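Protein chains in written order, with our numbering: chain H, 16 to 447; chain R, 16 to 447.
No lab work stands behind these hints, which were simulated from the structure alone.
Quick caveat, the model's predicted, so the values are computed rather than measured.
By construction, the Cβ of each residue, glycine as well, lies at the ideal position given by its N, Cα and C atoms.
Among the hints, a few may not be true.
Some chain H residues flagged as far from chain R (calculated, every beta-carbon gap over 10 Å) [what the hints assert, rightly or not]:
1. Pro169
2. Trp188
3. Lys360
4. Lys426
Rough simulated footprint, nothing fancy, chain H against chain R, three-plus residues with beta-carbon under 8 Å [what the hints assert, rightly or not]:
5. 334-345
6. 359-368
7. 374-385
There are 2 protein chains.
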Amino acid sequence: MPQLGLLPRKAWAALLSQILWSPYTACTRAVSSHSQVAEAVLTSQLNPNQEKSDFIIKTPKGTRDLSPQQMVVREKILGMVVSCFKRHGAKGLDTPAFELKDFDIAGQFDPMIPDAECLKIMCEILSGLQLGDFLIKVNDRRILDGMFAVCGVPESKFRAICSSLDKLDKMSWKDVRHEMVTKKSLAPEVADRIGDYVQRHGGVSLVEQLFQDSRLSQNKQVLEGLRDLKLLFEYLTLFGIAEKISFDLSLARGLDYYTGVIYEAVFLQTPNQAGEESLRMGSVAAGGRYDGLVGMFDPKGHRVPCVGLSIGVERIFSIVEQRMKVFGEKVRTTETQVFVATPQKNFLQERLKLIAELWDAGIKAELLYKNNPKLLTQLHYCENMGIPLVVIIGEQEMKEGIIKLRSVASKEEVTIKREHLVAEIQKRLSDS
Amino acid sequence: MPQLGLLPRKAWAALLSQILWSPYTACTRAVSSHSQVAEAVLTSQLNPNQEKSDFIIKTPKGTRDLSPQQMVVREKILGMVVSCFKRHGAKGLDTPAFELKDFDIAGQFDPMIPDAECLKIMCEILSGLQLGDFLIKVNDRRILDGMFAVCGVPESKFRAICSSLDKLDKMSWKDVRHEMVTKKSLAPEVADRIGDYVQRHGGVSLVEQLFQDSRLSQNKQVLEGLRDLKLLFEYLTLFGIAEKISFDLSLARGLDYYTGVIYEAVFLQTPNQAGEESLRMGSVAAGGRYDGLVGMFDPKGHRVPCVGLSIGVERIFSIVEQRMKVFGEKVRTTETQVFVATPQKNFLQERLKLIAELWDAGIKAELLYKNNPKLLTQLHYCENMGIPLVVIIGEQEMKEGIIKLRSVASKEEVTIKREHLVAEIQKRLSDS
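Same shape as in the complex, but just chain H (with noise of 0.2 Å):
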């Protein structure tokens, strides 16, 4: 592989740690698209069109000036990402992925367990960022070669034509045929052949389907693949997701380091956003088995089995920007729960005193810090910030021990015992 010649390998191996997801030891682990270079890696291997020397060079693309709308934002979906990695057992953030020590008990875990859980990881992530339907394609690397083989695609073609496969989501199959067979030289019956597989999907009857194939179940690498299919189906319907996932001939992935089941997840578009053409939607998620890279890296050239998830920070963050654009969405730059405010001047102490009380009940709260605002700085001010609860203190509130608690949004008010405040603000803000 020559292009990795352009990094060290310890770099290499770094990028690894950041990609891939070993289901190595009996432990899950997944890898974080936390850190800039991992999300950059992500966006660019998500663009099949890419040279690998770009996937390189384009890793620092997160690093890009955000306005605090946009750290908000991106807080949000890397939160949303890494809870759910969590949630299956990955181990703390930014933590290299695998080791390579220890590789001697590769083999310890059965066949399409972990790839069934990244799956469903990646159904859980893409749900949870409630951008609408999506959809996760499969294919096999080998089910890939074997149908190449049996159509009669030369072996030193098979990079060629893989490229040129990938290009069927935005490219019609017509396009994609001239492509092979004028660019690529390959004879017009043999890209037939490939046509009339890659223009099928389908879920696991597709997979009964080619197993009956004349020619597919002539191919052992085929049958290989495809019986790993069946299994993932299997597991894929207990977990409930097998409706999400589409068995896709034509998906090829851009990179050839993947050996078994590749996925590639894209959100589909409703009718009704059909029509928002400023909403590009595209890959967000991808991912497979990468069983050689990693023994590439290991001095005895151990062969070992690594599942690879990979989630498109930036790209996801894009699609959120544009939406919320589009829609006029706000989003808040602060997270304060409940601002302290008086009418009345010199009330600086009785305002600190309150806030000292809310901020040691961990309760989220800020004042301005002005010895006699106005009641109406104040009130606008929650307004801008979206603060969603105000308290009120004055001096007749003072007196009869009583205090008024406003609810921005519909200006109601209501009065409450100066004891009982911090336990309704709380009741509250885990009602909202």
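Position chain R relative to chain H; hints supplied.
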């Protein structure tokens, strides 16, 4: 400030944005020490003996390789710091803490309110760390300068004498005095006058005492500083933290861009801990008022009020790490709450269905990627990984519609109805 010349203006502005906290607009903004740059700057900043060039060069300190265990500890510390910042209305992580535009609304806040909040935040963070008792030393740059002046220190020697003073937490007054007189050529009687002041510390009563001091009370700068400190202590009392703060005339802080109040936090060693020599304590948080610094980068040269607060995350991390070594504490590297186990062969399907139910309920769950794992292997895995609960499913349980829930620590097992499983787990997790 020729030292700043080492960095381009933009880099400095970025650095500042990491370490400063501007109470400039009405909202409170805090700087997280989340990024590696910030951490490193913070750590160096806490070592007053370092030159400024070091201060910059040391920035990539946070990039050292961390084990999964170390990552967990680091994330916990950072999480605590960040959640405290958010409680005080901080904007998103890695967000520039201030922008140079708008800076014409300067002076929109009243004195000492944000300074008091900085100290409150520091107290909350240091208490939250649960590393024992702590103290925050407070002084004021104006009091320090004024004191030097009334003691007879030539203005050209202020910085040199300041840096000697900074050593008072490691050296005796006798040794510091010796350095001042022999190395810094200070007149012995001037050093003695300084010694009379810098060995004093206390609360607001010391402020009152110095107001009466015949020499100090003649100095305008000192009076300004004392007036502010008096107001600060009033607010600290309202915040309920006055007893954690010590007005300490020896606190000088190495960085000379402070213009007003300065503070520095140390953990206090209890008699017990003093025996554990391996636990090195030191300054873990610091800050102050930097009204002049930002103006240097403002084209119009506006004087911009700023208060800064830095948490020495790397140092705190070291303390926690050492302490964990001493006490032999273990760290979990995953957050998995429940393990799905079986004593039975060929039970993978049931395990997968069950674990998907747990994941979908938001429960962090794992299983072994084996068709037929041994029960003992599964239970050992839970012990090793610190997973608290095990769900055990077998043929008998299936038939009766029940399931076993086992506490890994106590080895107690209860039998519950299958349909109550998720609720029971959620109840146990929220109780613990």
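Results of checking the hints against the structure:
1. No beta-carbon of chain R comes within 10 Å of the beta-carbon of proline 169/H; the shortest separation is about 38 Å.
2. Non-interface call for tryptophan 188/H relative to chain R: holds, since the shortest CB-CB distance, roughly 36 Å, exceeds 10 Å.
3. For lysine 360/H, the condition that its CB be more than 10 Å from all CB atoms of chain R holds, with the nearest at approximately 12 Å.
4. No Cβ of chain R approaches the Cβ of lysine 426/H within 10 Å, the least distance being about 21 Å, so the stated non-interface status holds.
5. Check result for the stretch 334-345 of chain R against chain H: violated, 0 residues qualifying (beta carbon to beta carbon below 8 Å, three or more required).
6. Only residues whose beta carbon comes within less than 8 Å of a beta carbon in chain H count, and the stretch 359-368 of chain R has 4; three or more means the coverage holds.
7. Coverage of a stretch by a chain is defined here by at least three residues with a beta carbon nearer than 8 Å to that chain's beta carbons; for the stretch 374-385 of chain R and chain H the count is 10, and the condition holds.
In this structure, the one hint that does not hold is number 5.
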